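There are 2 protein chains.
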Amino acid sequence: MQGIMQDWQLTTNKILEHAKRINPTREIITRRVGGEIVRTSYSQLHDLSKQVSGALIEGGIGLGDRVATLGWNSARHMAAWYGTMGIGAVLHTINPRLHPDQIAWIANHAEDKVLILDTTFLPIIEAVKDKFETIKTYVIFADADNMPENSLGAIAFDDWVAGKSLNASWGDFPEETACGLCYTSGTTGNPKGVLYSHRSNVLHTMITMSKDAMGMGANDVVLPVVPMFHANAWGLAFGCPATGANMVMPGAQMDGASIYELLDTEKVTITAAVPTVWLGLLTYLRENDLKLPHLNKVLIGGSAIPDAILRAFETEYEVDVIHAWGMTETSPLGTLGSLPPHLMDADIDTRMTQKLKQGRPPFGVELKIVDDENNDLAWDGETSGRLVVRGPAIAAGYFKGDGGNVLDENGFFDTGDVANMDEFGTMQITDRAKDVIKSGGEWISSIDIENIAVGHPKVANAAAIGIYHPKWDERPLLIIQAAPGEEPSKEELLAQLEGKIAKWWTPDDVAFIDEIPLGATGKINKLKLREIFKDYKLPTA
Amino acid sequence: MQGIMQDWQLTTNKILEHAKRINPTREIITRRVGGEIVRTSYSQLHDLSKQVSGALIEGGIGLGDRVATLGWNSARHMAAWYGTMGIGAVLHTINPRLHPDQIAWIANHAEDKVLILDTTFLPIIEAVKDKFETIKTYVIFADADNMPENSLGAIAFDDWVAGKSLNASWGDFPEETACGLCYTSGTTGNPKGVLYSHRSNVLHTMITMSKDAMGMGANDVVLPVVPMFHANAWGLAFGCPATGANMVMPGAQMDGASIYELLDTEKVTITAAVPTVWLGLLTYLRENDLKLPHLNKVLIGGSAIPDAILRAFETEYEVDVIHAWGMTETSPLGTLGSLPPHLMDADIDTRMTQKLKQGRPPFGVELKIVDDENNDLAWDGETSGRLVVRGPAIAAGYFKGDGGNVLDENGFFDTGDVANMDEFGTMQITDRAKDVIKSGGEWISSIDIENIAVGHPKVANAAAIGIYHPKWDERPLLIIQAAPGEEPSKEELLAQLEGKIAKWWTPDDVAFIDEIPLGATGKINKLKLREIFKDYKLPTA
Numbered sequence: 002m003q004g005i006m007q008d009w010q011l012t013t014n015k016i017l018e019h020a021k022r023i024n025p026t027r028e029i030i031t032r033r034v035g036g037e038i039v040r041t042s043y044s045q046l047h048d049l050s051k052q053v054s055g056a057l058i059e060g061g062i063g064l065g066d067r068v069a070t071l072g073w074n075s076a077r078h079m080a081a082w083y084g085t086m087g088i089g090a091v092l093h094t095i096n097p098r099l100h101p102d103q104i105a106w107i108a109n110h111a112e113d114k115v116l117i118l119d120t121t122f123l124p125i126i127e128a129v130k131d132k133f134e135t136i137k138t139y140v141i142f143a144d145a146d147n148m149p150e151n152s153l154g155a156i157a158f159d160d161w162v163a164g165k166s167l168n169a170s171w172g173d174f175p176e177e178t179a180c181g182l183c184y185t186s187g188t189t190g191n192p193k194g195v196l197y198s199h200r201s202n203v204l205h206t207m208i209t210m211s212k213d214a215m216g217m218g219a220n221d222v223v224l225p226v227v228p229m230f231h232a233n234a235w236g237l238a239f240g241c242p243a244t245g246a247n248m249v250m251p252g253a254q255m256d257g258a259s260i261y262e263l264l265d266t267e268k269v270t271i272t273a274a275v276p277t278v279w280l281g282l283l284t285y286l287r288e289n290d291l292k293l294p295h296l297n298k299v300l301i302g303g304s305a306i307p308d309a310i311l312r313a314f315e316t317e318y319e320v321d322v323i324h325a326w327g328m329t330e331t332s333p334l335g336t337l338g339s340l341p342p343h344l345m346d347a348d349i350d351t352r353m354t355q356k357l358k359q360g361r362p363p364f365g366v367e368l369k370i371v372d373d374e375n376n377d378l379a380w381d382g383e384t385s386g387r388l389v390v391r392g393p394a395i396a397a398g399y400f401k402g403d404g405g406n407v408l409d410e411n412g413f414f415d416t417g418d419v420a421n422m423d424e425f426g427t428m429q430i431t432d433r434a435k436d437v438i439k440s441g442g443e444w445i446s447s448i449d450i451e452n453i454a455v456g457h458p459k460v461a462n463a464a465a466i467g468i469y470h471p472k473w474d475e476r477p478l479l480i481i482q483a484a485p486g487e488e489p490s491k492e493e494l495l496a497q498l499e500g501k502i503a504k505w506w507t508p509d510d511v512a513f514i515d516e517i518p519l520g521a522t523g524k525i526n527k528l529k530l531r532e533i534f535k536d537y538k539l540p541t542a
Numbered sequence: 002m003q004g005i006m007q008d009w010q011l012t013t014n015k016i017l018e019h020a021k022r023i024n025p026t027r028e029i030i031t032r033r034v035g036g037e038i039v040r041t042s043y044s045q046l047h048d049l050s051k052q053v054s055g056a057l058i059e060g061g062i063g064l065g066d067r068v069a070t071l072g073w074n075s076a077r078h079m080a081a082w083y084g085t086m087g088i089g090a091v092l093h094t095i096n097p098r099l100h101p102d103q104i105a106w107i108a109n110h111a112e113d114k115v116l117i118l119d120t121t122f123l124p125i126i127e128a129v130k131d132k133f134e135t136i137k138t139y140v141i142f143a144d145a146d147n148m149p150e151n152s153l154g155a156i157a158f159d160d161w162v163a164g165k166s167l168n169a170s171w172g173d174f175p176e177e178t179a180c181g182l183c184y185t186s187g188t189t190g191n192p193k194g195v196l197y198s199h200r201s202n203v204l205h206t207m208i209t210m211s212k213d214a215m216g217m218g219a220n221d222v223v224l225p226v227v228p229m230f231h232a233n234a235w236g237l238a239f240g241c242p243a244t245g246a247n248m249v250m251p252g253a254q255m256d257g258a259s260i261y262e263l264l265d266t267e268k269v270t271i272t273a274a275v276p277t278v279w280l281g282l283l284t285y286l287r288e289n290d291l292k293l294p295h296l297n298k299v300l301i302g303g304s305a306i307p308d309a310i311l312r313a314f315e316t317e318y319e320v321d322v323i324h325a326w327g328m329t330e331t332s333p334l335g336t337l338g339s340l341p342p343h344l345m346d347a348d349i350d351t352r353m354t355q356k357l358k359q360g361r362p363p364f365g366v367e368l369k370i371v372d373d374e375n376n377d378l379a380w381d382g383e384t385s386g387r388l389v390v391r392g393p394a395i396a397a398g399y400f401k402g403d404g405g406n407v408l409d410e411n412g413f414f415d416t417g418d419v420a421n422m423d424e425f426g427t428m429q430i431t432d433r434a435k436d437v438i439k440s441g442g443e444w445i446s447s448i449d450i451e452n453i454a455v456g457h458p459k460v461a462n463a464a465a466i467g468i469y470h471p472k473w474d475e476r477p478l479l480i481i482q483a484a485p486g487e488e489p490s491k492e493e494l495l496a497q498l499e500g501k502i503a504k505w506w507t508p509d510d511v512a513f514i515d516e517i518p519l520g521a522t523g524k525i526n527k528l529k530l531r532e533i534f535k536d537y538k539l540p541t542a
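So the protein sequences, as listed, match chains Z and L. Each position in the first sequence, counted from 1, maps to that position plus 1 in my numbering. Each position in the second sequence, counted from 1, maps to that position plus 1 in my numbering.
Rather than coming from a laboratory, the hints here were simulated on the basis of the structure. It is possible that some hints are incorrect.
Treat identical chains as interchangeable: a pair holds within one or across any two.
[Unchecked claim] Simulated pairs of lysine to aspartate or glutamate, EDC-like, Cα-Cα distance not exceeding 16 Å:
{"id": "1", "residue 1": "K298", "residue 2": "E267"}
{"id": "2", "residue 1": "K439", "residue 2": "E374"}
{"id": "3", "residue 1": "K137", "residue 2": "D159"}
{"id": "4", "residue 1": "K401", "residue 2": "D256"}
{"id": "5", "residue 1": "K114", "residue 2": "E134"}
{"id": "6", "residue 1": "K439", "residue 2": "D102"}
{"id": "7", "residue 1": "K298", "residue 2": "E424"}
{"id": "8", "residue 1": "K459", "residue 2": "D131"}
{"id": "9", "residue 1": "K268", "residue 2": "D346"}
{"id": "10", "residue 1": "K21", "residue 2": "E424"}
{"id": "11", "residue 1": "K21", "residue 2": "D423"}
{"id": "12", "residue 1": "K529", "residue 2": "E516"}
{"id": "13", "residue 1": "K132", "residue 2": "E112"}
{"id": "14", "residue 1": "K504", "residue 2": "D372"}
Keep in mind the model is a prediction, meaning the values are calculated, not measured.
Work out the full structure: start from the sequences and follow the hints.
Below is the structure:
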């Protein structure tokens, strides 16, 4: 027997329609590429988005067609999104930090028909434009006066939408309809496209709005430093209009001074970015003896939070830090580090230790840790296992099936991370699954060993990888890049680890290397290290 | 093209499963009928609910079968809910304040197979038990020691679930599956059953969790005075376990002293009830010179908030009052009175005037006001029209089709209320549609006239109804029940209205009556008044 309730499909156009009706004068405040500040109300954004829909329809774009953007956070970028999604076309955000060849590969794989870009990225696109196989229309986020010369035959965004009617029909399709496309690149193989649905984005939006997640309301002012091309600005591009929060868009300027100016003049209450942005802001605040009187909450994700950033925000500036973990495949919110009830009155060190972990899943995200045979592992805060996740905003696969099967027999997505969970669902990532060292059937966290080794004053960088061992399958090798002018000994490095890790985790040997290879995002390239050390013989083997 | 996201069905069992995994030690604190306080963790509640499922399955209850409860708010009542819903049976909450004959009618219409009741309601049920046509099993929320003598052949709840396995399978059905049944009684006709689905209840839960709605988090302690048989305790029976908030259940004791004791000892942060409960609490606080240091937010709904209650909470006790409007058919949240951004810095009178209105709809609730030809009316804060509503948690009809068609051609549900809306979506109810006075094609609000008239010191109660008029179709008649010993004149009553309403709203006559007839819930029985005055001739006619 079915309930007798309305069939109200969860489509993203309803978010902006709600914003226009209920919070018409709330605003997006954009710092444009040229530096000027522009204010766009949700009512104006709605109408501008309708005009984008009109321009797309005139250009022959319809249900399921892909429209790409290569843009900074801005009101025009928001209009491009909602105008595309409203008519059932698919908004494809491209990360401009990728290699231009990879951008071309992705656009071809996605079969993008339209590309809308900021002037900043014009040189990148012009360099590879001959490789694009499907793009017919180029639009630049600018008005006629600020239109750069270009070889793309591009039209200015403001001209593109000028005079278009507001009558485009939105949302006349089922909620499972594709809505957004975002590619994620691993260390090997081609990028893989995550294809969000309207339903998944709306449900993810509702998750972000809950108090222990991002918890924004109509009275908040939210500054997403995290770009819209990073998994929907962690959902803020939907959650802010859904609640009526003001959005402050930093455009291309993400240095400490620029971010501080916006935080201060717009009285920002909630902000979100990766740790490096906050390092820049904190340095600027200290150098200029400034405070953050309006800011209540800072969301930090993308990589683990350094302890110094966490404590600075929490103790010097009285800002609540929410460590968040997620991936493109999880829309992206997976866990959030709001302090759980049993630690509200704990001492500062206990609270900070908790906040350095990745946090707890909100309702709508199911997490498990499993062993290699897919058995559930204990939530004891110590046992590590492969982290798998299930929920309405979690990927079930990749675009065109190019990326392989990622779900287990229970429908859980394998994150590729190794983590432990405590009895209150607090998750702590201990490694990437491909980097974990498997010794005698047990797992050794390479990250733990590296973090301790890198704390030695004579060490510039450190990596731990598994080396073949006839008895234990693998044993850890510690690889050290010495600090300039230093020559640490094997003995003093192993002494550094002593007592801080289990005895059997102690590396069987220490190797020295001039430079530890890094990948494009600055992370250690373990693949290359394993290649370099593939014939290494451990003294114990 | 469909998105490639997981098919995670929105079923209510996932709420309690999340609570057990992530907030296993958070609690429901129940004051039982006998007075003692019992603490039940979400982990225990989950397991107890599984045992209820086991008992139901043993009794032959399955998908779509109706299980009725007649109970106070308690952990056992919660377990009865989740145990029933988890297996796809339908939880039917019966309002014990209905006439026993109506309870029997409803149980028969619903074809309830099981009835679980608190001892308080045993006399009611025993009196009409011979009328029940489908109930096979009676369970009483008690253990063996506290089991009352009864003629129902009832089993004690604790015995019923004792030893049942925890292995009942939950949630193996589509999200559109019926989940809950709640009857609503109008002033005419039989009660009508609203049949909630799992999907509608889960989406409503996510709506309640947003900051500007109820906004509870894991660290909150929530006291729902509003009973679970009133539209799912306004959603709190779902929202609290979904976030991990503690629930404090007052059982049968809702007087000021009992409520205060729970607010204080459990450090309650959020509470919800109808205005009369708060009148009792405020009186108790003043008589005993007490404060509310822990309470942040009080939700008030069910009928309009008196100004005195609003101001007392906001100014004397520094508690944020959220006026909420909804109906059984809206799950129930329709609007909430969180202060909108443009009034955050307004003076106290402006803020209080805003808060006396019914509030603004959250994302997921679409409101419109329309005229009799179903044309949209302006949101100018003045124009009144029929209030219609659309959303994923709004009824599309009634159980068994008994209640007629309630949706218009655009899928909006007619609330039967007359309201105005301002440009920020603030809704203010001005009348019930059936009570509005239609004069010359325009509407006159009976509520406005009554509220002003009743403010006259010589008036005990006042009602305004429409009387036939050959030229204007209807004109208002003001009906007065004088205060004891008073004899107000027609002239002084009309003078009371002067300048406070539009001139053409002025009643054409004033009639006096010994006692204005009231309905079961204390509201003026306009139907009866119209019957009494059906042959009344206006002096102007």
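Consistency of the hints with the structure:
1. K298 / E267: within (15 Å within a copy, 27 Å between copies)
2. K439 / E374: Classified as within; 14 Å inside a copy, 73 Å across copies.
3. K137 / D159: The answer is neither: 18 Å in one copy and 70 Å across copies each exceed 16 Å.
4. K401 / D256: For K401 and D256, the Cα distance exceeds 16 Å both inside one copy (38 Å) and across copies (63 Å).
5. K114 / E134: Classified as within: same-chain Cα gap 9 Å, cross-chain 65 Å, threshold 16 Å.
6. K439 / D102: So K439 and D102 fail the 16 Å test inside a copy (36 Å) and across (70 Å) alike.
7. K298 / E424: neither (26 Å within a copy, 30 Å between copies)
8. K459 / D131: Answer is neither: 49 Å inside a copy and 88 Å across each miss the 16 Å cutoff.
9. K268 / D346: Answer is between: at 14 Å across copies they meet the 16 Å cutoff, but 29 Å inside does not.
10. K21 / E424: The answer is between: 10 Å across copies meets 16 Å, while 43 Å in one copy does not.
11. K21 / D423: So K21 and D423 pass the 16 Å test across copies only (13 Å; inside, 43 Å).
12. K529 / E516: within (12 Å within a copy, 91 Å between copies)
13. K132 / E112: Classified as within; 12 Å inside a copy, 68 Å across copies.
14. K504 / D372: neither (22 Å within a copy, 78 Å between copies)
In summary, the numbered hints that this structure violates are 3, 4, 6, 7, 8, 14.
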